[in-house]
Structure formats: structure tokens, C-alpha cells
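J.: Letter by letter, the chains look like this.
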Amino acid sequence: MERILLNVGPFSINLETPLKPVIESVKMLYAEQFFLTDSTANGFFDFHIKIDNPSQLRRWYKPQVQFYFDGKLPFKPLPFSQAYPFFEWGLNWCIATQVFNYLLIHSAVVERNGFALILSGQPGAGKSTLCAALVNRGWRLLSDEMAVVDLQTNWLIPIVRPVSLKNESIQIIKNFAPDVVLGESFYDTAKGTVSHMKPGMDSVLKAKQNSPCKWIILPRFVKGADIVLKELPKTEAVLKLAENSFNYAILSSQGFLSLCELVDASYCYELEYSNLDEAIALLADLPV
Amino acid sequence: MALLSLNEQVLIKEIGGGFLAFCSQSGETIVLNPITYKILKLLNKPLDSSTILAILHTEFEDQTEQLSVFLDSAINELIGRGFIIKEVAIIVK
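Taken in sequence, the protein lines are chains L and B. Taken in order, the first sequence gives residues 1 to 288; the numbers are from my numbering. Taken in order, the second sequence gives residues 1 to 93; the numbers are from my numbering.
Chain L with its partners taken away, still in its complex shape:
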């Protein structure tokens, strides 16, 4: 059993696994700066995760893999081939369901010139693809999966993890940024084919730099559509982000006030796009 200690943003993770595909993917896709040792870790971990086979039999017959959180099994097992994405999905679940000292919004977050841009939307809206494209054109990655909002300052906290690309997006990003480091492709998952993009060194080196939010974009990829950027009323933006938040209702009035301040300080838009270069050019000209 190998033990991997990770520090991602404000969270520390104690991952135990004997599975080589998980160990190799984590070591390939997470920057070395995020690995802790027993001497650099303070002994406290937010999440104790184990990825392992559910039983001896399932090592050999139709092999499966299980996700353990604090020794408990929150999910049914998945095919062994999906062991690494299971770790990533499980870690998302851990953060989304266990963290209540930050406002968490399902979205990608990137930064440029000191200001953060939140790309929020339902799965399939094209936010991860746009996020991956932006970070390959000079924007810094804060997060692909969720905005982590500091409730005291309303600034966004980076959690620089691999960007999860799905289906056609994998080839789109390969073509868009041929030098990008992509992990293995995992086929026939619940989300289709999945591959993870390693964050660039610029994002890794600035992983402790929080940023104030300046723009909130609700993107929607529509094949063949002309690009349209439409101003979104701030009241609507609050409702949309609240819908996409994991813990807004639990944070109650603190979540409401934090979200209102975040939105009030930001320009809010709906973006319909089909071409990444057009979208990136448009986002480069957003008002400051």
C-alpha cells in the first residue's frame, strides 16, 4: 500500500492505494510542489482516502475498484480501469460535501492580471473546455471544478488540480494546444471518455495567490453558433451561482451575503460560443 500526501489549495489529502494506475496518474498529473512528506505534513489531513479493490475475488474476476473515505464506502464500486478518475470524482465529492468554511460553486476559475474569471454552468456547458483553452493562452488556472470563495474576503482560492476533459473536448484541446500534458484516456465512464490535463507551471507556482473576482461568465457551447456575449442581470447571476453552489443553502445568510458581494463586484455575462479562439479574444477584452 503506497501513501501519497497531497496539499491542494487549503485542503490536505492522505491517499492510500496499492494500485499502480492511480499512483502513476497522480504522480504524473499533480505538480511535485503539491506532494507532502511525513516531515512537511503537519499530521492533520482534511480527507483520508483509500482506493483499493473491494475484495480478493475482484482483483481477478471482472476487477473492480472501491473508493473509501474515512474508512467508509460512499459509492458503489467501479470497473478497475476507472480507478484514477474515481479518485478525482471522489475527491470532488469529499470537498463538495464536507467543506463548510468556504462558499463552493461548481465552476472553473481562471485569472489574468490579478483578477479572476468564474466560468459557471451545468455539466456539458463547455466550461472545462474553455477553461483548458484559456490556461493555454496566458490565463492562470485556479480551478477546473469548483470556485472556492473565502467567506471573509470573497477572494477566490486556487485548488490547482488536473483539468477533467470529456469526449470531443479531449481532441479539441490536443489540437488547440499540442504541447499540453494529458493523462491516460478512460473510456466508457459515466461521463463518457475522460482524460485529465496537467496544470501548467505558472498556475502551480502561483497556487497560493488568491484573487478577487472581476468577471462571472455562464458559458454555453453551441456547435456552429456565432459568438454572443450578453450582459446578465446581477440578481439572475446570484440565482444561477446559488443553483450551482454545493453549500450555499447550508451556509445560509453567510452564503447569501458572500455571493451577493462576489456578484456585485463582478461583470456578469452569458456567453454562447462555438469557436475557442473567438471566445478567448472576446474574453481578453472584458472591461476591468
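Hints are supplied without guarantee of correctness; some may be wrong.
Said to hold, decoys possible - Pair ranges (Cβ atoms, derived): (1) Asn33(B) with Pro123(L): 30 to 40 Å; (2) Gln122(L) with Ser73(B): 24 to 34 Å; (3) Phe44(L) with Gln25(B): 29 to 39 Å; (4) Gly224(L) with Gln66(B): 37 to 47 Å; (5) Val228(L) with Asn33(B): 24 to 34 Å; (6) Pro46(B) with Thr40(L): 53 to 63 Å; (7) Arg59(L) with Val31(B): 49 to 59 Å; (8) Gly138(L) with Glu61(B): 48 to 58 Å; (9) Ser73(B) with Glu236(L): 14 to 24 Å; (10) Thr58(B) with Pro123(L): 45 to 55 Å.
To be verified - Listed below are several chain L residues computed to face chain B (Cβ distance under 10 Å; list not exhaustive): (11) Leu239; (12) Ile250; (13) Leu259; (14) Glu261; (15) Asp264.
Stated by the list, open to error - Covered, in the sense of this in silico footprint (three residues per stretch, anywhere, with C-beta under 8 Å from a C-beta of chain L), are these stretches of chain B: (16) 12 to 19; (17) 22 to 34.
Simulated from the structure, these hints should not be mistaken for lab results. Keep in mind that this is a model prediction, so the values were computed, not measured. Beta carbons: idealized from backbone N, C-alpha and C, even for Gly.
For chain L, the structure is supplied; the task is to place chain B on it using the hints.
T.: Chain B only, in chain L's frame:
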């Protein structure tokens, strides 16, 4: 006579020229139009609906015909969603 008042667990915010209310009891957030916003602001102290209507008539003169119907509907909705509370005053003789 039924008195109406704002639920103490409701927060109201003006943002980007619009209005939002959040009820921490239900966790629900709603967008308010200017009339509903005014109703909630008035209900910082208990009022009956005829007093609210009279005040609204002075502020929204161009919409006086629809105000009565709108007020009944808005109050029922806001009571149902827990944003305002209906108190029944008992007169002891």
C-alpha cells in the same frame, strides 16, 4: 385584523439595480420586483394589508388599478414561502 410582518430571518439586498431576498429558514433566494421590495421594506414593522395598499398607491401611481390584485397575490406567495408572517391580533374587551 391580520397584521403582516417581515420574518426576522429574511435578508434583503439591493444588487445591480435589482433586489433579492433570502430566507435563512428555508434557504430560498428570490428576486423582488420594485413593488415586492417595497412591501418587504414596509413590513419591518407590522402592518395590515389595507395600510400597505394605501402606501403603495402613493408610490406606484401609474399602477393603481392592478395594485390590489397584485398585493393579495404577492402577500399569499410571500407568506407561503416564509418571507412574511401573518399575525392575528386578538382584541380583548
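J.: Check the structure against each numbered hint from earlier and tell me which ones fail, lowest number first.
T.: none
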